[in-house]
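A.B. asks: If you want the building blocks of each chain, they are given just below.
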Amino acid sequence: MRKSTWTWSRIFTTILSLVVTGITIFPLVWMGLAGFKSQEEVLAAPLKFFPTVWHFENYTSILHDPLFQKAMGTTFLGAITFMILSVAVNAAAAYAFSRLEFSFKKFWWVYVMTTYFIPGFAITITSFVVVSKLGMLDKLAVLILPGVASAYSMFFIRQFYLNIPLALEEAALIDGANRFQIFTRIFLPMSLPPFVIIGIGAYLGYWNAFVWPVMTMTNENWFQIGQYIFNFRSGRVAEMHLLMASSFLAALPTVILFLIFQKYIVANLKMSGLK
Amino acid sequence: MFKKNFRHDNLAAYAMLTPILLGSTIFIIVPFAYAIYISFYEWGFYQAPVFVGFKNFYVNLTDELFTKAIWTGLKFTLYVLPTQLVLGFLFANLVKGLKGKFASFVKAAIYIPTVIGLILAGVIFLFIYDYLGGLANYVVGWFGLEPIAWLAEVRTALPAITVPAIWTGFGITTLIMLAGLLDISESYYEAAEIEGAGTFGKMRHITLPLMRNIILFLLVTGFTAQISQFELPWVITNGGPVNETATPNFYILQHFLNDVLIGRSIAAALMFFVVLGAISLVIFKVLNSEKAVDG
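For the protein sequence lines, the chains are W and S, in the order given.
Each number in the numbering used here comes from the position in the first sequence (counting from 1) with 139 added on.
Each number in the numbering used here comes from the position in the second sequence (counting from 1) with 1 added on.
Worth flagging that the hints you see were computed from the coordinates, not collected in a lab.
Just to be clear, a hint being listed does not mean it is correct.
Claimed, not checked - Derived lysine-lysine pairs resembling DSS-like cross-links, with alpha carbons at most 25 Å apart:
1) S/286 x S/76
2) S/100 x W/402
3) S/102 x W/402
4) S/97 x S/203
5) S/69 x S/56
6) W/278 x W/209
7) W/402 x S/97
8) S/203 x S/100
Note that the coordinates shown come from a computational prediction; the quantities given were computed from them, not determined experimentally.
Model the full assembly from the supplied sequences, consistent with the hints where possible.
C.D. replies: So this is what it looks like as structure tokens:
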């Protein structure tokens, strides 16, 4: 006898999953809707789910705020640069550690891996001293360069490279290719999966950073989006409808990016954390 | 000439390693060594350092607010982490039964709060906890209760800010749990069914033992992440009411931003780092003491 595809337990599972997913997403929907409400309505009791009048001008006014535009622009620019540098620097090191033989290899390996065990907050303050002595304050470089070298990313890419068969490059070596050519022509084209994981992680890490930008960026024109939202929260919290609209807009690029790449992220979660 | 040296690639290797070595040295090793050094000094941006021995550490240890901050961090972690693990585990078991497009939809949707970051999560919950027009008091009203000043009352402030922490971590916890569940071979469950094991028995004797390493991983990483929390108090409560939500990192950063001398905040950061490392180690040892079953 064939089981019917819609058993009670399956219906129950589906409904319960929908409810949990709905609750998880709800705060974001609530934020988006609040952005359409008027200042009086957004915190008025009793609550209404939908705005009585849809105030699209809340969103357009945020979009036209030059500080918001700059914050989104520089954060995006910084995040993309950070992402590219993170992948490039750590992939190059991963290749050297996984494939090349060189003097003091063991020493440098331990040296780099040690940094993995130094937690960021233990060095936040002294890193600030270092970058201020280097004259990097209030420049976009201060947000990008300090986080690029990452033992975690390097290790992650290295694990992937260790699984690439040696035969491929031995043939190329015999044909006279040098190590750089092997890296760029054989390894790089195969590296998309780890690069997507490390790249998205770097992008999100940059986009959601908060304390470091607050410490190192004092020029309003170079504020990052997290700082913009936080300043909005501190200075204009009475305008909750606009705070919600700007936060919703700030979340949007991340969410869209995530939805585009979620297949990779979800499929590789295990690879990233556990093995 | 034909004998190309396959063993030594010093030039190529050092060219490829230079960026990571420079970055690690300038932005991690030097600041760390510097932190250890300066924690023994009284030092500000406008004066020469003066050696003070262990005074910075002593000042922190005798500051009630510092010890309170450590307790606050532990309490916060104790609220968030078990809730997150239990919810993630239960929901992962549910999602495991879903198929195809719907499963992908659920997996993507629950992960979204994780990617938007803690600042935005904080702002959303600031709005939800609003006394007059917030969603939380609206829901409380359904049960005929009086509105609560969630963020202003000592009793509710810390639990209130755990909710966004649980919310943002729920998706990733579930997905990591799910990855672990999918790794467990169905044949174990089939064998157990033949032996007459029920849902609970299978959970107790197959799922949990085989998930041990994943739960351990989530415990240690989750512990570090939650006790380091400062964004949520920063955005939502500013550490209040009366320092009730001032977590260790919140305390350290506030001191750094407000004090003239920075040796003390650095000493606090280092001490917190040691406490944290020690507790992670204990968790790891305790859970690893019984040998994990091989899957």
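A.B. asks: All hints, please: hold or fail.
C.D. replies: Hint by hint, here is what the structure shows:
{"no.": "1", "hint": "S/286 x S/76", "verdict": "21 Å, holds"}
{"no.": "2", "hint": "S/100 x W/402", "verdict": "15 Å, holds"}
{"no.": "3", "hint": "S/102 x W/402", "verdict": "12 Å, holds"}
{"no.": "4", "hint": "S/97 x S/203", "verdict": "15 Å, holds"}
{"no.": "5", "hint": "S/69 x S/56", "verdict": "19 Å, holds"}
{"no.": "6", "hint": "W/278 x W/209", "verdict": "14 Å, holds"}
{"no.": "7", "hint": "W/402 x S/97", "verdict": "17 Å, holds"}
{"no.": "8", "hint": "S/203 x S/100", "verdict": "21 Å, holds"}
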